[in-house]
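Undergrad: For the record, the sequence lines run as chains A and B. Here my numbering is used: the first residue of the first sequence is 1, the next is one more, and so on. Here my numbering is used: the first residue of the second sequence is 201, the next is one more, and so on.
Simulated from the structure, these hints should not be mistaken for laboratory data. Mixed in with the good hints, there may be bad ones.
If you anchor each label on the Cβ, the simulated ranges turn out as follows [claimed, not checked]:
| # | chain 1 | residue 1 | chain 2 | residue 2 | range |
| --- | --- | --- | --- | --- | --- |
| 1 | A | Ile187 | B | Glu307 | 34 to 40 Å |
| 2 | A | Tyr167 | B | Asp241 | 30 to 36 Å |
| 3 | B | Gln427 | A | Ala176 | 42 to 48 Å |
| 4 | A | Tyr167 | B | Arg430 | 43 to 49 Å |
| 5 | A | Ala117 | B | Asp204 | 48 to 54 Å |
| 6 | A | Tyr167 | B | Leu302 | 40 to 46 Å |
| 7 | A | Gly159 | B | Glu394 | 32 to 38 Å |
All C-beta atoms, glycine included, are put in the ideal place defined by N, C-alpha and C.
Residues per chain are reported as follows:
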Amino acid sequence: MPSLTKIVTDPLSDNNPITVQMLGICSALAVTAQLPTAFTMSLAVIAVLTMSNFIISLMREHIPPKIRMIVEMVVIASLVIVVDQILKAFAFEISKQLSVFVGLIITNCIVMGRAEAFAMSNPPKASLLDGLGNALGYSAVLIIVGFSRELLGFGTVWGKQILPESYPGNGLMVIAPGAFVIIGLLIWLQRTITKKYEDA
Amino acid sequence: MQKDEIHTIRFAAIVCLVCSMGLAGVHGTLKGKQEYNKRIDQQVNVLKALFPEFTPEGEELSMEERDAYFTQGDLPKSWIPKYFDQYVVKEDVSLPKGKTSLLYKLERDGKVLAYAFPAEGKGLWSTIHSYVGLQPDLATVRGVTFFDHGETPGLGGEASKPWFQRNFRGKKLWMDGEPVKLQVAKGEAEPATETNVDGISGATITGNGIERFVNDTFRAYNETVFQELRAPQE
């Protein structure tokens, strides 16, 4: 088993869930038009993924193989609902903007993917860190994409005007396809730096 | 084999029980706060349409100050329900074709300062909800608010921004004893008149949707509710 530090740091870049594993792209497109929603979504995923990996790992030796995935789904769905409820109570405005996307964390491939690939076969502490690492890797991408889209799309950062008022805003960045462009550039940049390429 | 299946069923039952109890607990704990948020949100939207120029302390507010209050969340949330209960009267009204709806009145010292009615309809992607506030003449728009929509952020989504909603103020829905069509322009309204509103460039379909449902809802109210309200003065 890799060292505990490596479990956390690996998914930040070398094994990033979005840019390398290509998971969770859907929500990365949907909630990154502006930074605050991207940030809140990141927190939600960090909470869900860390907890779900931990809980599933705790139960891993008792989960009957036949209903393995259903049990994982129930745990993940419950955690997502809790997060959604908390947002509705304490961050109402942002929960309205995130609307269905918090609920859709249930179907985020990263969460189920980590449960299957890691938590089912590793002890709780390592699983928790793996969940945290992957969630942070996901968050890093969301924040970078959110920052770029808000800056180029609206000329603002976290709602504050940064580019001159005369900046007209870039309509492409405001809509989901803009996120594709940013994520594509990000992957290009990352692979150029790390020199790791997919085999053709 | 038999033992395995019993284990499976027992495990599933325990997981379901624990999860459902946990969720019920969380929901029960947070329910009050969530409903409070929802109520405030709805009341703020009604107040935006009614356009109160005054605070509970009786201070006059400029349009900009009021916008800042209601959009930045500077307004102490705690007094919104109090304010609402004190000044806003909610009435059930009947519309043509047997429909019923609501009419909000902003009252102070027994005088109606503004009316507001809910309106909703399709934009480009989603249903847009809104309240339309009218002056006591039941002809001039006092304030509007658009909310709870799924329009493109930065384009149709600008409908929920103060700058767009401000464009409606002072526009007419009723002139010379009959309803007039309020028009939402594509971008800047040219020439500017009392019945056209500066729209959002690049969001024509959202604008058309808003134009349609605001006019239609006004006409529906006009046929029944507003006719009755106008009658005594004429």
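Undergrad: Confirm or reject each hint.
TA: So, going through the hints one by one against the coordinates:
no. : hint                              : in the structure
1   : Ile187/A <-> Glu307/B: 34 to 40 Å : violated (60 Å)
2   : Tyr167/A <-> Asp241/B: 30 to 36 Å : holds (31 Å)
3   : Gln427/B <-> Ala176/A: 42 to 48 Å : holds (46 Å)
4   : Tyr167/A <-> Arg430/B: 43 to 49 Å : holds (48 Å)
5   : Ala117/A <-> Asp204/B: 48 to 54 Å : violated (25 Å)
6   : Tyr167/A <-> Leu302/B: 40 to 46 Å : holds (42 Å)
7   : Gly159/A <-> Glu394/B: 32 to 38 Å : holds (34 Å)
Violated hints, in rising order: 1, 5; the structure is consistent with all others.
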